[in-house]
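Chains V and U, in that order, give the protein sequences. For the first sequence, the positions run 0 to 72 when numbering that gives the first Met the number 0 is used. For the second sequence, the positions run 0 to 522 when numbering that gives the first Met the number 0 is used.
Read the hints as simulated data drawn from the structure, not as lab findings. Treat each hint with caution, since some may be false.
[Unchecked claim] Facing chain U, according to a computed beta carbon distance under 8 Å, are these residues of chain V, among others:
1) N16
2) A49
3) E52
4) A55
5) K60
6) Q67
7) A71
[What the hints assert, rightly or not] Incomplete in silico selection of chain U near chain V, CB under 7 Å:
8) L27
9) P31
10) Q32
11) S33
12) V34
13) G49
14) D508
15) L509
16) M510
17) I511
All values derive from a computational prediction rather than experimental measurement. For each residue, glycine too, the CB sits at the ideal point set by N, CA and C.
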Amino acid sequence: MQVTIRTATVLTSKQLNQIKTKINKKYGSKVEYVQRVDPNLIGGISLTIASKEFDASVKGKLDNLKDQLKKAF
Amino acid sequence: MSAKSKSNFNQDLNSILKLSQQIKSLDLSVAPQSVGYIQSFGDGVVRLIGLDDVQAGELLDLGEGNLGLALNLEKDNVGAVALGKSQKLTAGQRVTKTNRLLSVPVADEIIGRIVNGLGEVIDGKGQFTAKKYMPLEKVAPGVITRQSVTQPVQTGIKAIDAMIPIGRGQRELIIGDRSTGKSAIALGTILNQADQKMICVYVAIGQKRSSVAQMEKILADRGAMDYTVMVAATASETAAQQFLAPYTGQAIAEYFLEQGKDVLIIFDDLTKHAQAYREISLLLRRPSGREAYPGDVFYLHSRLLERACRLNKDYGGGSITALPIIETQANDVSAYIPTNVISITDGQIYLETDLFNQGMKPAINVGLSVSRVGSSAQIKAMKQVAGTMKLDLAQLRELEAFAQFSSDLDEQTKSQLDRGLRVKSVLKQGWDQPLRVEEQVMVIFAAVNGFLDQVQEDKVQLWEKEYLEYLNSNQMNLLTKIAFEQKIDDDLTAKISAVVKKFNSMNEDLMIKKEADENQNAS
Numbered sequence: 000m001q002v003t004i005r006t007a008t009v010l011t012s013k014q015l016n017q018i019k020t021k022i023n024k025k026y027g028s029k030v031e032y033v034q035r036v037d038p039n040l041i042g043g044i045s046l047t048i049a050s051k052e053f054d055a056s057v058k059g060k061l062d063n064l065k066d067q068l069k070k071a072f
Numbered sequence: 000m001s002a003k004s005k006s007n008f009n010q011d012l013n014s015i016l017k018l019s020q021q022i023k024s025l026d027l028s029v030a031p032q033s034v035g036y037i038q039s040f041g042d043g044v045v046r047l048i049g050l051d052d053v054q055a056g057e058l059l060d061l062g063e064g065n066l067g068l069a070l071n072l073e074k075d076n077v078g079a080v081a082l083g084k085s086q087k088l089t090a091g092q093r094v095t096k097t098n099r100l101l102s103v104p105v106a107d108e109i110i111g112r113i114v115n116g117l118g119e120v121i122d123g124k125g126q127f128t129a130k131k132y133m134p135l136e137k138v139a140p141g142v143i144t145r146q147s148v149t150q151p152v153q154t155g156i157k158a159i160d161a162m163i164p165i166g167r168g169q170r171e172l173i174i175g176d177r178s179t180g181k182s183a184i185a186l187g188t189i190l191n192q193a194d195q196k197m198i199c200v201y202v203a204i205g206q207k208r209s210s211v212a213q214m215e216k217i218l219a220d221r222g223a224m225d226y227t228v229m230v231a232a233t234a235s236e237t238a239a240q241q242f243l244a245p246y247t248g249q250a251i252a253e254y255f256l257e258q259g260k261d262v263l264i265i266f267d268d269l270t271k272h273a274q275a276y277r278e279i280s281l282l283l284r285r286p287s288g289r290e291a292y293p294g295d296v297f298y299l300h301s302r303l304l305e306r307a308c309r310l311n312k313d314y315g316g317g318s319i320t321a322l323p324i325i326e327t328q329a330n331d332v333s334a335y336i337p338t339n340v341i342s343i344t345d346g347q348i349y350l351e352t353d354l355f356n357q358g359m360k361p362a363i364n365v366g367l368s369v370s371r372v373g374s375s376a377q378i379k380a381m382k383q384v385a386g387t388m389k390l391d392l393a394q395l396r397e398l399e400a401f402a403q404f405s406s407d408l409d410e411q412t413k414s415q416l417d418r419g420l421r422v423k424s425v426l427k428q429g430w431d432q433p434l435r436v437e438e439q440v441m442v443i444f445a446a447v448n449g450f451l452d453q454v455q456e457d458k459v460q461l462w463e464k465e466y467l468e469y470l471n472s473n474q475m476n477l478l479t480k481i482a483f484e485q486k487i488d489d490d491l492t493a494k495i496s497a498v499v500k501k502f503n504s505m506n507e508d509l510m511i512k513k514e515a516d517e518n519q520n521a522s
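Just chain V, same shape as in the assembly (with noise of 0.2 Å):
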């Protein structure tokens, strides 16, 4: 299973290792890590683990802040 971490700036060993045990423990050991820095972000981390996005990042937020404007007005 492929897991992808991306962040807007370069993560520190222990951040890395923290996120790395808590998808272990979920997934099992069998988890290969992409790790990609992307300053688009802002902020924030963007996990896609298999084909299921969890979007926690500045600019996911904003996005979701725009989509949900739109369709109020």
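Given chain V, work out where chain U should sit, using these hints.
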């Protein structure tokens, strides 16, 4: 500040406050979102990795406002067809699910409009507000919800209404080579539905835009757009749009069916539809079968045509009558797609190039055409007069070889020949000259009861034209009586015979000259 600008300022302040309140109330928590990435895109087919839980036939958001349809769910990728123009798609682009199946917006205001294969308005008259979203793929109505077909669809074409009658809820195939008048029959039928309480949907698949524009003009000029919707996926549209157009038309028809209305839907033509589907299937690398068509090309048409039905009272009592059109190559009705659709429909109207070239228009081959609903969909008056017509025409076909020797035949054979030729002549009709059912009954009555035997053979159509003019100006009450009672009793028979005799006597110039016969007898 002036009072007006002060109130504007207050209004703006209020809307800003409202906006900030709304933003505060939004839920921006992180939820898992199914995503995929574009692996490749070419020829309208998008290959995606990811999207493990996508549904078959689900709409996908390809980004940049493009939509796609997930058709191939494979082990390690998803094959989708891009709907619409799909510009700005790049490899690696993120794609998300929309969690909805393909559907089109419909409202009562869609009547008179032209939409494309995806339900988008293309006649430039602005979008209408959707009342309901009808799904393109739907399970056909079950057995218990249906009712047998008993009400007629009056096409206005004598040959069809008399011998190959179509009923409301039937599927009747119009099949023939190119330029034999298939679309003309469809168009003529639409034109005749003005006072028939019928909504028409015309689906143009893969046609030239000029043809669609021409058709729209004809319908608009004759006031037919007041009850017609056009769905057009023309030749330059993507194969995906051409593939979806019939289903869009069917979804629109079902919107009106649910209201209990009668709908006529015409698919022009399903051959191009099958070709568009073949194109998509081959690009998706699905296994091909006979003539390179995919294995489910039968299911493609059967699931479309099975949705044409007549519902019983408990389900609204509406009906959808389908007239699919198939173009054959060199009159070959035993090719793959024609045989498929013939086995699905409840009969076919077979048009032949030879008849067309001989001047028989509409070029219907009455012998090979059939309507499996038959006379249950005819009013009693029509049944009474048209009963012997098919027999007369069959006898004529047998005798036609002897027509060249007609001076050497005995009296009975000669009169049978003459009668057959006149009945055949009476079936000729202009595509844009539909006749009301009572007019048809009057003309056919005259033909089968021998009142035309004395008319000169090449003057039969002129006779018919003048007879109808005479009826419409002098005998309107007779026509209305037939239209109202819908059957001909003995009293009415006598009245009609008297009218025909009177008309014949008033038009001696159309009759065969009697002095010529006398001269012949004398010599």
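Tested hints:
1. N16: Violated, about 21 Å.
2. A49: 6 Å, holds
3. E52: Since chain U brings a Cβ to about 4 Å from E52(V), closer than 8 Å, the hint holds.
4. A55: 5 Å, holds
5. K60: With a closest approach of 5 Å, the K60(V) hint holds.
6. Q67: With a minimum Cβ separation of about 5 Å from chain U (threshold 8 Å), the hint on Q67(V) holds.
7. A71: 7 Å, holds
8. L27: 5 Å, holds
9. P31: 4 Å, holds
10. Q32: This hint holds: Q32(U) lies near chain V, its Cβ roughly 5 Å from the closest one there, short of 7 Å.
11. S33: Given a least distance of 6 Å, the restraint on S33(U) holds.
12. V34: Check passed: Cβ of V34(U) comes within 4 Å of chain V, closer than 7 Å.
13. G49: 4 Å, holds
14. D508: The hint is violated - D508(U) has no Cβ within 7 Å of chain V, the shortest such distance being about 76 Å.
15. L509: Cβ of L509(U) sits 72 Å from chain V, so the hint is violated.
16. M510: Violated - the Cβ of M510(U) stays beyond 7 Å from chain V, reaching only about 77 Å at its closest.
17. I511: 79 Å, violated
Hint check: violations occur at hints 1, 14, 15, 16, 17; the rest are consistent with the structure.
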